[in-house]
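So the chains spell out like this:
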Amino acid sequence: MSWPDLAPLWLSVQLAGVTTALLLIIGTPLAWWLATTRNRFRPIIEAITALPLVLPPTVLGFYILIFLSPNSTLGGLWRDATGETLTFSFSGLVLASALYSLPFMVQPLQSAFEAVGRGPMEAAATLRAGRLDAFFSVAVPLSKRGFLTGIVLSFAHTIGEFGVVLMVGGNIPGQTRVISIAIYEQVETLDYAQAHALSLILLVFSFSVLLVVYSLNRRAPVRVG
Amino acid sequence: MGLSLDISLALESFSLNVAHEFPARGITAIFGASGAGKSTLFRIIAGLEPRATGRVAFGEEIWQSGQKSVPPFKRAAGLVFQDARLFAHLSVEGNLKFAARRSRSTRFEAVVKTLDLQPLLARKTNDLSGGERQRVAIGRTLLSAPRLLLMDEPLAALDHSRKARLLPYIARLPEAFDLPILYITHSVEEVTRLADRMLVLSKGQVLAAGKVSATLARLDIAEASGKFEAGSVVQARVIAQDERFHLTELCVAGQKMSMPASNLAIGAELPLRIRARDVAVARQKPSGVSIRNILSGVIKEIIEEPDTAFAELLIDIGAGQHLRARITRASVFELDLALGHEVFALIKSVSFDRRVLPKK
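Going down the list, the sequences are from chains V and U. Following numbering that gives the first Met the number 0, the numbering of the first sequence begins with 0 at its first residue and continues without gaps. Following numbering that gives the first Met the number 0, the numbering of the second sequence begins with 0 at its first residue and continues without gaps.
Isolated chain V (complex conformation):
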């Protein structure tokens, strides 16, 4: 058995890393808003956030493909600014993955923030902590496990994604050829040895990630998915 080509694995890790970072930046304020607002539009935003959990990746990928294409507003702006297209590129893949993994970041964070509740935040305010100060010094440390769960799940979910990548990114080595695509192609070309190697890596990785999450959640479970 020859040593497998690890470039797709490395690309997957990069994609998952960037996506998770992006999701932390977008998902934290969104989850905080969902956890604290009394706005009547909250259920609508919540439903939209959860959509990627139920939609087939092909449907999601199809819409993202149209939305990101150079003929669309966003895709056109991006092309004018960077000279690249969002479809069939790493940047487009990051956007698509972020959308696809959004609930995996937002839901653990939202339930963690809800568990913190108003009590400690009000206490912090009466102790002269401003809103941002109270958020970072009280809400964030009290939601530590929510953050850990969100980060691990978003990362793992992005590593494992296939349908959306296929629709939006295609199969360009070094650009969009992530591990799941590589395995698919190896099976198509009957290169079972390579497929075995990469699949085993993904299996061990996924199991380890879930083991970490469930070990962390043993004392106070955080709903996953």
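Keep in mind the hints are simulated off the structure, nothing from the lab. Heads up, some of the hints might be wrong.
As the list claims (entries may be wrong) - Straight-line distance between alpha carbons at most 27 Å, and here's what the computed DSSO-like set of lysine-lysine pairs gives:
#, chain 1, residue 1, chain 2, residue 2
1, U, Lys-299, U, Lys-347
2, U, Lys-112, U, Lys-123
3, U, Lys-284, U, Lys-210
4, U, Lys-123, V, Lys-143
5, U, Lys-255, U, Lys-284
6, U, Lys-96, V, Lys-143
Claimed, not checked - Which stretches of chain U does chain V cover? Using the computed rule of at least three CB atoms under 8 Å from a CB of chain V, they are:
#, region
7, 60 to 73
8, 94 to 103
9, 189 to 203
Backbone N, C-alpha and C fix where the C-beta goes; we use that ideal spot for every residue, glycine too.
Since chain V is already given, all that's left is putting chain U on it; use the hints.
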């Protein structure tokens, strides 16, 4: 100048309306049954109820006026929550320093000493007892350098002996930290033990306010305090110690009383709390009864409670002092009690509460 309030807020079943000027020193008890709006009043003062309207001012500072409201973290009001609300991710020391760092308070050592927190500093907040949690919460709030301290039933969750242990710490605060305190409670005992003044709240309205002894003696307080705790406070002076029977002789409104011996000096003045349910009434001076404390007085008010067996009497015992008695309506009828009648109030010696005695 202390705290000046003129606020209202619509609550679920009534609206809270309080217009009051609080003194700039001492402890003022906010007294009333649960659900009277006491905690909400504190939340408004601290700036935690954005829907409240009206005016909140402390000294020269205006905290709320019309649509403008200073956010809670910029108000010099320290709020000790009923449930302590310690930060679970920080140790006791971390909780204290959270406040001290933001207020740049330099009184860390003084607060730790006053509240006896040294042995707790390294502990996690989760395994503190109820009394310890409250001490830490009080200390944390003091370290936020407030100029007004709001304490929301800090002793409510504690049993009797823990309460008794924590009370002296609280009694020490106004002097040690030179700040006015508003103290929510529905315990008459805590009021008489701690406060100089009180404000009685019932269904969101101010029922009475003023000096503790004068306010407690008023009959309409019953509604706010709940029948069980209703009573009055009278001023007594120690006139002699009876070594043989182990009694302390007292003079109340020119009449003699006694209570189980205490080591008070002769001439000492003390407030006595007498619960309404511990007072019985007779038309003639009774003889051959074991009750030793019998005061004569005149009925000033009779309030029959509709749909119950009970009535409350306000009895003038002279020198501007009043006693309250809770008896049955049947007795009022059978003894033919009416306003202006002279009666004898029979008080059980055991009803004197030693814990209300001021510390020497």
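Take the C-alpha atoms of Lys-284(U) and Lys-210(U), compute the straight-line distance between them, and say whether it is at most 27 Å.
The given pair, whose Cα atoms are some 33 Å apart, is violated under the 27 Å limit.
Straight-line alpha-carbon gap Lys-299(U) to Lys-347(U), limit 27 Å
The given pair, whose Cα atoms are some 22 Å apart, holds under the 27 Å limit.
Quickly compare the C-alpha distance for Lys-112(U) and Lys-123(U) to 27 Å and report which way the hint goes.
Measuring from Cα to Cα gives roughly 19 Å; hence the hint holds.
Coverage of the region 94 to 103 of chain U by chain V, judged on three or more residues with CB within 8 Å:
holds (count 4)
What's the verdict on Lys-255(U) and Lys-284(U), does the C-alpha distance respect the 27 Å limit or exceed it?
holds, 14 Å
Within the region 60 to 73 of chain U, is the number of residues with a Cβ closer than 8 Å to a Cβ of chain V three or more?
Per the Cβ count (4), the hint holds.
Given the hinted pair Lys-123(U) and Lys-143(V), is their Cα-Cα distance within 27 Å?
Satisfied, since the Cα-Cα distance of roughly 17 Å is no more than 27 Å.
Outcome, coverage of the region 189 to 203 of chain U by chain V - at least 3 residues whose beta-carbon is closer than 8 Å to one in that chain:
violated (count 0)
Within a Cα-Cα threshold of 27 Å, do Lys-96(U) and Lys-143(V) meet the stated pairing?
It holds: about 21 Å lies between the C-alpha atoms, which stays within 27 Å.
In the structure shown, a violation is registered for the earlier hints numbered 3, 9, in ascending order.
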